[in-house]
Amino acid sequence: MDKVAYFKITRLKISRFKSHVEETEYHFGDLTMISGGNHTGKTTIADAIAWVMIGQGFFGGHLLDRFYNDKERKKRVAVELEYVDASGIRHVLSRQRINDKVDAALDGSAIRQKDLNAMFGDADEFLSLVNPLYFVEILAEKGRGLLERNLPPVSQEEVLQRLNGGSQKALEGYSFLSPETALSNLRAEQREIADAMLALDGQSDLLAQQNQECQDRIQALQMEIKALSEQIAGLEAKQKTGIDEGALRLELASLTMRYDEMLNEKPLAFDPAAYRIREMELRTRLSEAERRTFESKFAQEIAVQEKALASMRSRYHQMAVFLTALKPGIICPQCRRPVKEDEILDCEVGLKSALAECKEQGGGIKLKQQELLALETQSRRTFEDWKNSDIAEIQKEVEQLYREEEKAAQKVAQEQADYTAELEKISSRRQTIDVLLSCGNLTSAEEERLSELRKEVTAKAAVQEQLSQESNTPNQNVASQRDILQSQLNDVNARISAVVDYASVRNGLLFKALHTPNVEFQLYDVVKKTGELVPAWKFRYRGTSYQCLSRSEKILAGLEVVELLKRLTGRCYPVFIDDSESVDHIPRPSGQALISKKVADQPLKVQVKNTPMNLPKAG
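Under the numbering used here, the first residue of the sequence shown carries the number 5, and numbering increases by one thereafter.
Hints are supplied without guarantee of correctness; some may be wrong.
[Said to hold, decoys possible] Listed next, the in silico DSSO-like pairs over lysine-lysine satisfying Cα-Cα at most 27 Å (straight line):
{"hint": "1", "residue 1": "K602", "residue 2": "K542"}
{"hint": "2", "residue 1": "K429", "residue 2": "K301"}
{"hint": "3", "residue 1": "K602", "residue 2": "K613"}
{"hint": "4", "residue 1": "K12", "residue 2": "K464"}
{"hint": "5", "residue 1": "K558", "residue 2": "K609"}
{"hint": "6", "residue 1": "K459", "residue 2": "K230"}
{"hint": "7", "residue 1": "K429", "residue 2": "K415"}
{"hint": "8", "residue 1": "K311", "residue 2": "K370"}
{"hint": "9", "residue 1": "K609", "residue 2": "K12"}
{"hint": "10", "residue 1": "K17", "residue 2": "K7"}
{"hint": "11", "residue 1": "K118", "residue 2": "K22"}
{"hint": "12", "residue 1": "K356", "residue 2": "K344"}
{"hint": "13", "residue 1": "K311", "residue 2": "K244"}
{"hint": "14", "residue 1": "K230", "residue 2": "K7"}
{"hint": "15", "residue 1": "K22", "residue 2": "K602"}
{"hint": "16", "residue 1": "K230", "residue 2": "K244"}
{"hint": "17", "residue 1": "K558", "residue 2": "K12"}
{"hint": "18", "residue 1": "K242", "residue 2": "K311"}
{"hint": "19", "residue 1": "K558", "residue 2": "K601"}
In short, the hints are calculated from the structure, not lab data.
As the structure is a computational prediction, the values presented were derived from the model and not from experiment.
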């Protein structure tokens, strides 16, 4: 259901509702005065309006039993309200209760309360708009939520721009939905880092003991590696006897250098991107050429001649008709006066001469028109020849591009094949040299033994290196980790301070919209120790706490709140002001106003005052 931004009550019908036993109907205008003594039904009207709209009373609550007339408890309780929306369309909303069953209808069709809430707002929002005392006296602290969800949003960028440089830097790259959630998460992160730092401090003694054990193991490995290295040296001396190792290594170095050069000079793979770009350009030109349409240079002049020819034909026809019907008394089409008997012959001669002249002029116009049409036809033929020629030329360029692309791809493929063959040749020779340098004069058993010894030495050296790193760096690692955690803790602390600043600035911007001439809201208090904001609820009118206000001041304060809520919610609803006799001067609210006043010992009276309404600006 669509939101109703404005409505005005025009009629209210009450049946067996509270003190109204008989069906009673009231009519309302822009300003309506409701007067009468105590218990005459003034507040009943307010309750009836609230009940038909939201199913609750003027001051909320769900004590629906109190709306029954005690004498007619088992009979139908009904309220019907007629209102006009912003477009001037009239609607009828009704609600009835029979025993414990409540039904509502809008314009004759059943409607659910949640749909009415979608149209007019929930009970709290609706009553805060129509009852000046509801927001502060009934809703009270819950009103913070109503205000906050209707406040105009404040972007993070706007808040960040107003922070100092330190806070901006601390929040750089840090995103969050709300400062409150961010602070909760940052406090948890702060505790986690502190716990991690405490755990690191407990590792230092254990690492010192483990370090000594590593040193003992390293010394044992060094002795084992020395013994294995002596065996390797003896086998390597036998392996190299009679082999020109220098020449082989020189050749290997040369081959390796060439191999590396070739890797650096690897031919580029074929990249069709440039051809695709060129093809796209040609296709674009081709499409543009195909879309070109003939623009006539003679169309306007041809149209002018056609119009002139039509006008001449019309004139000719008019004069021919007049010549046929020529007789005394007929109105001459040229001089616009009756033709006399003695003017018949002259008029006939003149008309025949004019017809001849008209025919001659028409022939001239038609001849010029034909010349223009011939030029038009020739111009169109020239355009089409040019267009077809341009299209054919572009198509030739596309075909040439395809041939160039194919030729380039073949060239690159051949270069790649030659390159691969050369690399394989160099690699094969390098492997041969490696075999000569590694095996030499050793037997297969000796070569295998040498390989096993080298592997064993490598394995033990790796273990030694690992133990050396573990023995030399554990305390450094712990210190490094602690430094990292300390840096993280500093960042978190700085970020907490920045988020506190952010929350303060955001709330300052957010609550600007709550400004009214006399009403002051305080929704948050500042914690002196941390600077953080905590929820609060303080309401003042002209500097005085609400609890200390008089009845008239409470009504005036409530009316200011109503106008504020109208601006924030974008809804302009009727305002029902009760106990108006306690206020000397009531400012005119925007929209419709229903003002109730107690007049002792007088019956209930509903009187329409025709005064223009003030409509608030959308909030």
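The hints, checked one at a time:
Of the supplied pair hints, the one linking K602 and K542 is violated, its CA atoms being roughly 31 Å apart against a limit of 27 Å. For the suggested pair K429 and K301, the alpha carbons sit about 73 Å apart, so the restraint of at most 27 Å is broken. Pair hint K602 plus K613 holds up; C-alpha atoms about 18 Å apart against a cutoff of 27 Å. Pair hint K12 plus K464 does not hold up; C-alpha atoms about 94 Å apart against a cutoff of 27 Å.
With a C-alpha separation of about 25 Å, the suggested pair K558 and K609 falls inside the 27 Å cut-off, and the hint holds. Between K459 and K230, the direct Cα distance comes to roughly 14 Å. Compliance with the 27 Å bound is thereby established for this hinted pair. With a C-alpha separation of about 22 Å, the suggested pair K429 and K415 falls inside the 27 Å cut-off, and the hint holds. Restraint check for K311 and K370: the C-alpha separation of about 11 Å stays at or below 27 Å, so the hint holds.
Between K609 and K12 the alpha-carbon distance is near 20 Å, which keeps this suggested pair within the 27 Å criterion. Of the pairs offered as hints, the one joining K17 and K7 holds, with about 25 Å between alpha carbons and a cut-off of 27 Å not exceeded. A threshold of 27 Å between alpha carbons decides the hint, and for K118 with K22 the separation of about 25 Å falls inside it, so the pair holds. A distance of roughly 18 Å separates the Cα atoms of K356 and K344; the hinted pair therefore holds under the 27 Å criterion.
The hinted pair formed by K311 and K244 fails the criterion: a straight-line CA distance of about 113 Å is larger than 27 Å. Restraint check for K230 and K7: not satisfied, since their Cα atoms lie roughly 90 Å apart, outside the 27 Å limit. For the suggested pair K22 and K602, the alpha carbons sit about 18 Å apart, so the restraint of at most 27 Å is met. Between K230 and K244 the CA atoms are separated by roughly 21 Å; this keeps the pair inside 27 Å, and the hint holds.
Only pairs whose Cα atoms come within 27 Å are accepted, and K558 paired with K12 is accepted, the gap being roughly 25 Å. At roughly 117 Å between alpha-carbon atoms, K242 and K311 are farther apart than 27 Å, so this suggested pair is violated. About 16 Å separates the Cα atoms of K558 and K601, which keeps this hinted pair within 27 Å; it holds.
Hints 1, 2, 4, 13, 14 and 18 from the earlier list are contradicted by this structure; the remaining hints agree with it.
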